[in-house]
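Using the hints provided, position chain B relative to the given structure of chain A.
2 protein chains.
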Amino acid sequence: MRKTDSFHAHHSPMGAHASFTLGMFGSNGGMALEKGKPAEQSVFIGYRSDSGVTKQFPFYKELVNEADRFSLDENSQGVKTISFEESQIQRSYDWAIDKFSAPGIDFSIITPFFEISDPAIENKEALKKASCPSIFGQITIRNDSNEDWEGFFAIQGDNPWTPLSSRNDLKGMISRDELGFASDDPDVSEFIDFGIETALSKEHKTPNFLLGPIGGISFKVAAGTSKTVRIALGFFKSGNVTINKEAKYWYTNYFDSIETVLSFALEGFNEYLDSALDSNQKLKSSGLSLDQQFLIAHSTRSYYGSTQWLSEKNKARWIVNEGEYLMINTLDLTIDMAFFELEYNPWTLRNVLEQFANEYSYVDQVFSPDCNDEMHEGGISFCHDMGVANHFSPNQYSCYECAGIDRKCFSYMTYEELTNWVICSGLYYSKTSDQDFLNTNASLFSACLNSLLNRDNPNPELRNGLMGFDSSRTLGGGEITTYDSLDHSLGQARNNVYLAGKTWASYLTLELLFNALGKSDLAENALTSAKLTASTLSSSFDDSLGFIPAVLEDGNQSAIIPAIEALIYPYMMGQKGYLDSDGPFSEYLAMLKRHTEYVLKKGVCLYEDGGWKLSSSADNSWMSKICLNQFIVHEIFGINYGGELEADNAHVEWQVNGSKSQACSDQFASGKPIGSLYYPRIVTSILWLKAKSKAFNNKVKSEELAKT
Amino acid sequence: MRKTDSFHAHHSPMGAHASFTLGMFGSNGGMALEKGKPAEQSVFIGYRSDSGVTKQFPFYKELVNEADRFSLDENSQGVKTISFEESQIQRSYDWAIDKFSAPGIDFSIITPFFEISDPAIENKEALKKASCPSIFGQITIRNDSNEDWEGFFAIQGDNPWTPLSSRNDLKGMISRDELGFASDDPDVSEFIDFGIETALSKEHKTPNFLLGPIGGISFKVAAGTSKTVRIALGFFKSGNVTINKEAKYWYTNYFDSIETVLSFALEGFNEYLDSALDSNQKLKSSGLSLDQQFLIAHSTRSYYGSTQWLSEKNKARWIVNEGEYLMINTLDLTIDMAFFELEYNPWTLRNVLEQFANEYSYVDQVFSPDCNDEMHEGGISFCHDMGVANHFSPNQYSCYECAGIDRKCFSYMTYEELTNWVICSGLYYSKTSDQDFLNTNASLFSACLNSLLNRDNPNPELRNGLMGFDSSRTLGGGEITTYDSLDHSLGQARNNVYLAGKTWASYLTLELLFNALGKSDLAENALTSAKLTASTLSSSFDDSLGFIPAVLEDGNQSAIIPAIEALIYPYMMGQKGYLDSDGPFSEYLAMLKRHTEYVLKKGVCLYEDGGWKLSSSADNSWMSKICLNQFIVHEIFGINYGGELEADNAHVEWQVNGSKSQACSDQFASGKPIGSLYYPRIVTSILWLKAKSKAFNNKVKSEELAKT
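Line by line, the protein sequences are chains A and B. Quick note, the first sequence lines up with residues 1 to 708 if you use this note's numbering. Quick note, the second sequence lines up with residues 1 to 708 if you use this note's numbering.
Here chain A stands alone, though its shape is the one from the complex (with noise of 0.2 angstroms):
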């Protein structure tokens, strides 16, 4: 259980690349497009009663009288705002609706989410209403006082407002025809000022005023009556938004102004609506500990924050942003998302993989760190991502990846994504059965697996089934994993033991693909390289040190978490066969499962808080991964190592009290977040609501978790 209410959330559309960013008491958030952290804006929600005392929720850091850049005026006296106390306030934060309490009123915040229909599939219903870019809120206010009062939504922004009245039949506030907010309450009016205080108080209200930094609607709340009011939330950006290639968002095939948004989300807010509480309702049913249930939701709310639906030359383009980074569809991002839109909308990951197939691969060299003047054929790989902040990369070019650097941040991940490109092909086709992308890319997964086998070694004779040649792509450098910011007990590529199961999984991908193509004698060559690999993997378990070591040279005895990580691809492509304990690699599943009793300890993976760390010797631990390894951990291993509760309900604490000022993040140094903020990544919990054994809620005795 959470031990504070105050943490920042998104609230975003599906699609939109945009948020409502708020819940972290006492700070600044509010609407925001396209920024990877939250916006700057004062929320202020609460109601004012006649005799001037104003109680509203604290969603605004220290207030600054705009008025005083014009002129330097003595402050009006007698007058009370009040902000709720934190110990007032209490927050449900469910799956689709984050709702606060206090004294008087509630405000909940509505984020319907749900399956987005193949844009490819003509179903103008259905993508108008997955692609709106509105989310909602609702106002209730309760004066149970003898005095009348005014219930108030509004928000302090960085730009003019223009009142909503002057466009259409609603009451708002629209600001750069880009966001803003409506209700269609005929009773609601609209003001904007430099304050809450002075805008009510006032006997005119003046919603001509645009210098007034502040925009918002308020409505009379009668003695002893209650009100609710419905608000849609809403984003657009019109045109090209994109540089270096021109796409629009998709929402604009639909939707011609902010304003026609904010209609179109207020018709539709009933339905909006249970679309919301039937996933509160699925996540409440699904037999997880509220912790479990609070980082799944807390990690659909920021993947959601980073999507961003394209539309160009009329085809769809699926875009995640890497959370702060904003980095475009970062391919080793897609791969741990991927568990998440296969679920909901499998054709958002073949649009990326299309992407990167199309655009973003390219062939180089390999060579041998022995010898890096001496290049050899390598093969086909795929880019780290496409671009960043909008601006896309020249194709065949990551934004990331620059030669010249030997195992650290931003060299080449060409190994590593080369694996992620298959692995999310098997995933994608294991899920749809679509015989069209299949065939599509017969012969570009022929070229991945040549390309895999390369650089394991060019000599086939010398091959042992991992990673051995790095790119020329790096120009004398080395590559790199996904755990760029991490040590070389999961930084470096080659030999290392958590990109040695990515092989092994890719070449059992490979098997099932070429399988399924007809081509078995390919099949087999790939499953006879997924053999090596775990052969040569099993005969590296150190017993002297009890575990297999992160990287298989120099002497390396870190003890790694993701040893494992791998182990999630055959079990998601239906390949139980390869993780039974006396199938064909008995031997590989076995090591790792001794592998992985031994790490799981305080000292050596398992931070004080009983948290997870996924390297020994690495104070920097991704949420995202942990939520993927405890998976593998419990539902394919049914390990129990009795830590099951105390580990979620630090990583909990990780999110909320660490990373409050920034939703959800992925990295942390001994539970505070040091980057990979506000991140979209972390949505691998969706797997636990596959678990069948529920496992991790502890509450499944052991002897059951015995028999998975």
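Among the hints, a few may not be true.
No copy is singled out in the list; a pair is fine if it fits within one copy or between any two copies.
[Said to hold, decoys possible] Taking lysine-lysine and the DSS-like style, the derived pairs with C-alpha atoms no more than 27 angstroms apart in a straight line are: (1) K124 with K315; (2) K3 with K61; (3) K692 with K601; (4) K692 with K593; (5) K80 with K408; (6) K408 with K202; (7) K61 with K37; (8) K205 with K245; (9) K248 with K519; (10) K205 with K408; (11) K35 with K248; (12) K61 with K35; (13) K129 with K315.
Derived from the structure by calculation, the hints contain no laboratory data.
Just chain B now, kept in the frame of chain A:
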């Protein structure tokens, strides 16, 4: 002479609402569009020796290593980066070239400005040249050492860079397709990186590293040689840029991208440079003191930084944004900037006047403060402004004026804006003899006369020539003047002698316009009214005080310099007979001269530093108005009070020390800028170039002054 070279200045194209703001050492600045304050970029200009020592200008705040957001890595060792000390830097700040010199390097920022031809008259080449949204830089590096150097120009911004070479045959960096810099020198190369040292020490530069925050160009300067590189710094916004009305930048009629802007600018480099040199020469040979030259150059830069030349349905819409406040065409600034615009491009003034007449005028009623529920016929007036930050207000409303405020900031300026529109029309007509303007607005001039008279008193019997009634738009409040942040001495409109001066000038303006229209009855009516105003004012001189009090009611005893402000208008309109000490206003002029001689002393309307204090009762003095009133004191009255040099020196100090972080600012309290920062209005200083006596440099003998 200014005591420091460390201060920000706008460096802007004409009409692009854009600036490359630079010059305060140890501070951020750089390129921004449509912003009411300096950009927050770090700008790196310098050279690096082959042995790894980098020397650069201090155009940045403390440096943050953005790479740390991705991975906490050990810092590089042995790197040496040196910022030039202030004592090593010389700055020559001419009208159109701002040049910084330090050991081994010169950097000039070239901001040509010149007449903008009337867009209504087809002259594509001239209009394209004038609207091209670019300024220029020139770096010269003199390598007198024994090792090779690499010169660089680079910017660290908030948005990703794209290498320009991916777009055309120039080298440089562009961001969001909205701003960038370029060189056409074939020896220049591009880089993007986390730091200058990181970039230049690499064997392979990384121009595709879009994740890097610093984009730049560099060039080799061999030992013992010199090299000069010319760059263009361009801005570009495509499509509709305004809200609530649709307009695009005028330059989009000729340019379709940032890269076409940069190409055109570099092709015209020599021609633009010649224009800048001409401006420099004109100011240098003006006979004005160095302090005066500085204030003219500084204010000119901030004026152009606020200009925004738009195109709406193929017709020009000229906007000057109100500095930090970004209000659109504030009419009480228009009148002060009219002198500058009439010198360079009178059509911009007509354009603004017509926008007010057609969209931002209204008809009200008036009431007496003694009886604020009895309404009388009012008349036409004009809004304070047209909106803010590209958001247009609804027609007939400003973004600024609010009802229900009694003589405080944000109340209505109905009366003053009426005088401003009338006087601007007279200034425009007397400069241009534009008969079309005269005829088009003939009936509006009559309405203005009627409106002025009604605001004195609806009952002709009771008129005294001053404003006595307030607008119904205030809903029972009280009007203010442009001096909204001062006390009632200048802030209250009713019975204010500053505003009464403008009333007098308005009547004289109308006389001129009606005579031009052949409406001699109305002309005579107007002149009679002017005489009534002058007579009332003349008789209000308070012998016991020694000056005319600022407000002719409630026993006000403030002394204000701007009692004389309106004398500038008949002077500029060629109505010099009315300024003749033996003419029809001899008594009024003598009274004002006596007033002026009294107030221009320390403790009354001079600060201890000799700077001018507009009101004896308010510590808030406006530089724009000081420049204007200085001209009147010296050039019209011929007063040489002996403190001229000290005053100009103080005013320079207010700007370069007081407002060093905000370029040219307007409102100062005891030399500290307290509002109206980054402001266009101070171009009233252009008047000094018209001074026949060049009186203010105090070199002309007092005998000569007496003759004028």
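Next on the checklist: Hint by hint, where does the structure go against what was stated? Just the numbers, ascending.
Outcome noted: 9
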